[in-house]
Amino acid sequence: MNQSNVLFPDAKFLVVDDFTSMRRIIRTILKQIGYLYVEEAENGLVAQNKLTVTDFDFIICDWNMPVMDGLSLLTAVRAKAETKHIPVLMVTAEAKKENIVAAAQAGANGYVVKPFTSLTLSEKVTTIFEQKSRGNQ
Amino acid sequence: MSVPTHNAQNEFDILKSSEHSEQSNKNEQQTEILDRVGKITRVLHDSLRELGFDRALEAFCNEIPEAQDRLSYVSKLTDESADIVLTAIERGIPLQDTLLLQAQQAEQGTHFFLTKKNLDPEVTRFAEDTLTLSRATQATSLETKALLLRIMMAQDFQDLTGQMVQKMMLLIEQLERQLTQVLIEFSTANTELGISGQAQMLKNLRKNKKVKSESEVVRTQSEVDALLASLGY
Chain W
156 MNQSNVLFPD AKFLVVDDFT SMRRIIRTIL KQIGYLYVEE AENGLVAQNK LTVTDFDFII
216 CDWNMPVMDG LSLLTAVRAK AETKHIPVLM VTAEAKKENI VAAAQAGANG YVVKPFTSLT
276 LSEKVTTIFE QKSRGNQ
Chain D
1155 MSVPTHNAQN EFDILKSSEH SEQSNKNEQQ TEILDRVGKI TRVLHDSLRE LGFDRALEAF
1215 CNEIPEAQDR LSYVSKLTDE SADIVLTAIE RGIPLQDTLL LQAQQAEQGT HFFLTKKNLD
1275 PEVTRFAEDT LTLSRATQAT SLETKALLLR IMMAQDFQDL TGQMVQKMML LIEQLERQLT
1335 QVLIEFSTAN TELGISGQAQ MLKNLRKNKK VKSESEVVRT QSEVDALLAS LGY
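Order-wise, the sequence lines are chains W and D.
If you're matching positions, the first sequence starts at 156 in my numbering and goes up one per residue.
If you're matching positions, the second sequence starts at 1155 in my numbering and goes up one per residue.
What the hints contain is simulated information worked out from the structure, not anything from laboratory work.
Everything numeric in this text was worked out from a predicted model, so none of it was measured.
Even for Gly, the Cβ is constructed at its ideal location relative to N, Cα and C.
Mixed in with the good hints there might be a few duds.
What the hints assert, rightly or not - If we take Cβ atoms under 7 angstroms as the criterion, some of the chain W residues that face chain D in the derived model are: (1) S176; (2) M177; (3) R179; (4) A248; (5) P270.
Claimed, not checked - Calculated from the model, a selection of chain D residues having no Cβ within reach of chain W, i.e. all distances over 12 angstroms: (6) S1178; (7) E1204; (8) N1216; (9) K1270; (10) K1271; (11) V1336.
Work the whole structure out from these sequences, hints included.
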């Protein structure tokens, strides 16, 4: 996909996952979609610190992480006026219905279960941006 | 007014007495339960000793650090493998992107060249071959990129297996702690050890386990070569 064809091509992404390999996979997929600005964090706390420094446009977040898990980060993001508007996509191995419901109730914009395909991730990102775009109109 | 007060007092006393009686029954029941648990514990203790299970437990405890080491090793190796593959893919995809762009430019240039009039037939044929090659290169490059992405996506196993291994290691650690405690509490030789003696035994167990796990495993070819060389091979 060409960068000029994507919504919000200058969007800044924050990828939060405790596994380096998963962060690299997501970064490469985003790059293929056309999103070149991607920062990484290994847990929720590091992500929170990065959110105070940079105005991110999208957060892709794992659930199970040491120090601060994804649901806590999501709750913290939604609780803060400066960050509550940022779309959050949960990408996680947690496939329990109660977790999916909990994430939705906490304000997640999407939920992708690992293992996933690059197409699934790019579709979710595009859908969330489309929803955001419609909301802004 | 005094009668109701008296009645109320009576009812209160009856209730208190009933509560007291219930409390006594509960205490008796608890004492009985504790007695029975104590007897079961004694039977378990004696059985463990008579059947030699304390030694079996000790042997089992000795194996646990090795299992932890192996799991840790699996985690480390899969992490390293995924890293090698992802690094190659991160370098390979831009190379394919560049190749695709160059092939597209070659196709456009050759196409433009072929629009010229009065070209030598041999040159035309050569240009058409170049056009075919540039188109094939584009198709191959796109397919190669798709394959690289598939290989990349397959590396997510490292994340999923890594989480499993972490959970298993945590479980093993808890199991080890509990079994070691059982071993210390039920071991024949340690019934009269006291707290400091038990602590020393725990320390020795851990030390022995560490020595065992470190000394019995070779993991690299250089370690194998060194070992064989030390044995005179």
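Just double-check V1336/D for me: nearest Cβ-Cβ distance to chain W has to come out over 12 angstroms.
-> Per Cβ check, V1336/D is outside 12 angstroms of chain W; nearest 29 angstroms; holds.
Satisfaction of the A248/W interface hint, Cβ to chain D closer than 7 angstroms | At 6 angstroms from the nearest chain D Cβ, A248/W passes the 7 angstroms test, so the hint holds.
Go through the hint on M177/W and say holds or violated, using the shortest Cβ distance to chain D against 7 angstroms.
-> holds (4 angstroms)
Beyond 12 angstroms from every Cβ of chain W: is that where the Cβ of S1178/D lies?
-> S1178/D is indeed farther than 12 angstroms from all Cβ atoms of chain W, at 45 angstroms.
Supplied contact hint for P270/W, tested at 7 angstroms Cβ to chain D | holds (5 angstroms)
Examine each Cβ of chain W, and state whether all of them lie more than 12 angstroms from the Cβ of K1270/D.
-> holds (31 angstroms)
Chain D contact restraint for S176/W - C-beta distance below 7 angstroms = Hint on S176/W: holds, closest Cβ of chain D at ~4 angstroms, below 7 angstroms.
Please confirm whether N1216/D is truly not at the interface, meaning its C-beta sits more than 12 angstroms away from all C-beta atoms of chain W.
-> Holds, because the least Cβ-Cβ distance between N1216/D and chain W comes to about 29 angstroms, which exceeds 12 angstroms.
E1204/D: least C-beta distance to chain W exceeds 12 angstroms?
-> The claim holds: E1204/D sits with its nearest Cβ about 45 angstroms from chain W, beyond 12 angstroms.
Interface hint status, R179/W versus chain D (Cβ within 7 angstroms) | holds (5 angstroms)
Interface-negative label, K1271/D against chain W, beta-carbon threshold 12 angstroms | holds (35 angstroms)
This entry satisfies every hint, going by the numbered hints stated previously.
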